[in-house]
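Chemist: What follows is the residue order along each chain.
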Amino acid sequence: MAFIKGYLIPRLIQYILVIFLGLTAVFIIPRLTPTDPVNRTIAQLRSMGSYLDPASMNAFIDDLNELYGLKGSPLEQYGAFWKRLFRGDFGVSFFQFPTPVNQLIKTALPWTLGMLLMTTIIAWIFGNIIGGLAGYFSRSKWSRVIDFITMIIRPIPYYIFAFALLILLAYIIPIFPVSGGTDIGRQFALSLSYLLDVLRHAFLPALSLVLIGSAVWFQTMKLVVQNVNAEDFVQYAKFGGLRDRRIASKYVIRNAMLPQITSLALSLGQIFSGALITEIVYSYPGLGMLLYNAIITGDYNLIMGITALSIVGITTAILLLDLLYPLFDPRVRFV
Amino acid sequence: MRKSMLFMMSVLVVLSLILGACGTATPITVIETVEVVKEGKTVIETVEVIKTVEVSVEVTATPIPREEAPLVLGTFPREQTLILGELTGRVGTPSNFNEWVGWKSRDRGMQQLANEPLWSIDFATGEIIPGLASGDPIYNADFTQVTIPLRQGVAWSDGEPFTSADVVYTVETLIAKEGFNAHNFMADNVAKVSALDDSTVVFDLKQANSRFHTTFLDRWGCTWIMPKHIFETIEDPITFEFNPFVGTGPYKLNSYDPNGFWTAWEKRADWDKSPTGILYGEPKPQYIVYQAFANEGAKILAQLTHQLDEVDLSAEGLKAALAQGKSIRAYQAGYPWVVNNDPALTGLTFNTATPPYDNVDVRWALLLAIDIAEYEGQAVDGAGTLSPVHIPSLGAYPKDYIAPMETWLSDFTLDLGNGETFKPYDTDAPQRIVEYAKGRGYVVSDNPAAQDQAFGLGWYKYSPETAEKLLVKNGFSKNADGQWLLPDKSVWRIEVLSRTDTSHLSFKNAAAAVQQWKQFGIDAVQVPSDNSSELAYVGDFDVSGEWPAQEPWGAGADLYRVLDFYNSAYIESLGSITTGHTSRWSSSEMDAVIQQLRETDPSNTEEVIAKGIEGLKILVQQMPGIPTFGYIGFVTYDETYWTNWPTAENPYSQPYVHWGPFKYTTPFLETVGG
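The listed protein sequences correspond, in order, to chains A and B. Here the numbering used here is used: the first sequence runs in plain steps of one and ends on residue 347. Here the numbering used here is used: the second sequence runs in plain steps of one and ends on residue 675.
Since the hints were made in silico from the structure, they are not lab data. These numbers come from a predicted model, not from an experiment. Here a beta-carbon is modelled for each residue, glycine too, at the ideal position from N, C-alpha and C. Possibly wrong hints are sitting among the right ones.
Label-pair restraints from in silico Cβ distances [to be verified]: (1) B:526 - A:82: 28 to 36 Å; (2) B:526 - A:84: 50 to 58 Å; (3) A:82 - B:160: 37 to 45 Å.
Extracted from the complex, chain A is given alone in its bound form (with noise of 0.2 Å):
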């Protein structure tokens, strides 16, 4: 009882705190840019080739501005906002228009939650496993080998790194797709030889993405159990005669791993803002590239579509490492 007047319920309303400073901000900030959505789909429009005559232009802007919503005041524009959002409903993009924010999402989303969920936990995984004994048996031959590739691996930009894959294992050794999620023509089934088409498109940018993140795992977890491995309840162990594994295992890496669950929990909050870069190089589709150009179009809608969701997984995703940190860390108590 004490855990949940003292602790659960001001955790829970900072959480919701949070959550509405945050979706007012993505509301007002937008606003706050140079780009209007009404003049930024007109310039498409003409940049795209369409001839808007120009006699009838200024009713066009008017039409727009009607059938985006933006009629109204910013006031009443909010209300309008947090009255759909109740309903799960962030109305349509404009940019995209008519279709909803939310379908635009629902399309997106699945790429990039299968994506960026199984590559950030593989990485961590491969990661901290690898680094923690590499940090524990640093002087070793092996450790040293991991630790010169990584030095190697981890300060290649991204892009090159994704793109020097893409042309050895697409191109010089044509054994996987140049881009795309599925085959031309592949519609979507509940089959094998679907998931099968859908792990081949997917192996590239994952095997990226899993190699560079590993690589930045290995090197903060090593760096992290060296420097356990000094603390004095370390060095009573070893001369307390435990073997090396149980130190290893039970001491150190279990120590080691407090500040890399944090950064996975954050890690994990914020794959809702997809992986740009990792989209471009592949062709891959996910949330990177429809929130890159949500914002360089002024996308209100969409915009805060994919903001909130982020924010809502980021906000979540602390609130359940603080609830459930006790079990990784007994110092911790709520009371």
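Let chain A serve as the given structure and place chain B on it in line with the hints.
Modeler: The following block gives chain B in isolation, referenced to the frame of chain A:
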């Protein structure tokens, strides 16, 4: 900014693919007479063309051994499938084909394959091709009524016959509902639309409009006709997705990627009931796929692995693809390789609503501070065709306009003050580009006609000393460091707005201008922006790399489309989106020319040209934007599976797969297997 950084990195990667393209060039340029297949199957005529062979890039029509290429692409049999790059990229609204509302990526195949307009423009042949119309529009004497004859025997892709009722329904629906792109135009212009019979439609106009029919003339878009039998069953045609798409073109929708990366079209069984089939015969590819790529490197890799038959690239990408792909060719077989007959003119636009660019002397001074040979060399390696006026030097325009204006251009005089004058026109300017090209190791024809066609008839002198006199006349001065100062003695800084895509000609023109003006002593900087189009339309710029004039039709002599954008009625205050040209320039003289053109029958070529020349003279005198060179298309074709593309040697049709008339090319493509 992030996008531009990504693009720069992309260019670096693409450059790494070029390698082999950097060898010593020993190209040969020849003039030869070839047979050209033009409209229809039987019309054959002989034309003179330029054929250039660049030896350093191994371009060959010999396809690579077939077994190296995949037999199936995705789920389509490769030999029956044509794979094309989608110019405008990934489709944002993949399930929505309602092209009457907003932007629906109609270059995903809607305008090129599945739809037929009333008329299309083919800029390569200069022809206006009647599609759903069976002939020219017929106006009454005062241009308040127009009758359009429609083609008989046409059917929609779902089998329903196309009739005048579809046209009437389309226009009435557009008028009735706000939210359609063409709603206001139709509401402002059409008093009544009616069908005389199944194949004749009559428009009664609210006021005289001698160009009303051009709303149905496809020049990368137009007002398309709706299938009445589908739309009349829909409650809200604005939000209607129109999926599956039903059109009158020779192809119908097969499938599309819900993520917007590809759209696949399939040849109609009744292709002979499309205008394309009626006019030109059976299209050859069974399937045509438009595919988008998020980066240029992937486009090149796809083409090198024979998964992409045609694509638009950057200048660097084109060289990389030609260097690496033995079965890949460009529009021209040798230097300058590119498509240089696109009916668009590139250059620079001044914001004439902002000082000092509201001063014509300043605008002319900035023009004379440009060494066009150096400028074009930097921008496009000398590949563009110069134009001294505000239309491109291609097709019939040099003959109709530029050549007849040359005497006037040569006599045109600038007043430098103190009784001094200067004649800026320079017929030798193209020669300076020729010398540049030769200096780069390219062999250029010595045939004057070929040089005129490739490099233009003339431009303006490089005369920094004259530019200086014009500026001094207007109170400008230089400081001790040789830097130009405004009349108020502050440093003159010019921000040149451009797009962020380094391969876009807006970026290239802006970069070249900045270089030239820096050399002249002006503190010029380039400002690339993802939002450049909007900034230009609201007037938030000094100078921009946006086109210096609205693009002309590309066929016919009429320049109303170009000149009407300078109509003073369209000028808006800074901060509001302009409805005319982004230079925000206008004049009563130009208004008069526009009015005269409105009252002139567009088919009266002689009169139209006379008025057009008057308008072009005013633009040269006022120079609201600097015309530099025509638009350049960097197109590559992989001939592993499909050949007989429209090329410089055989320009039987316009060469782009993203333009509407591409549908009329499909019957002439040939499979390598026969």
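Chemist: Each hint should be assessed against the structure and marked as holding or not.
Modeler: The hints, checked one at a time:
no.: 1; hint: B:526 - A:82: 28 to 36 Å; result: holds, 33 Å
no.: 2; hint: B:526 - A:84: 50 to 58 Å; result: violated, 40 Å
no.: 3; hint: A:82 - B:160: 37 to 45 Å; result: holds, 42 Å
Checked against the numbered hints given earlier, this structure breaks only hint 2.
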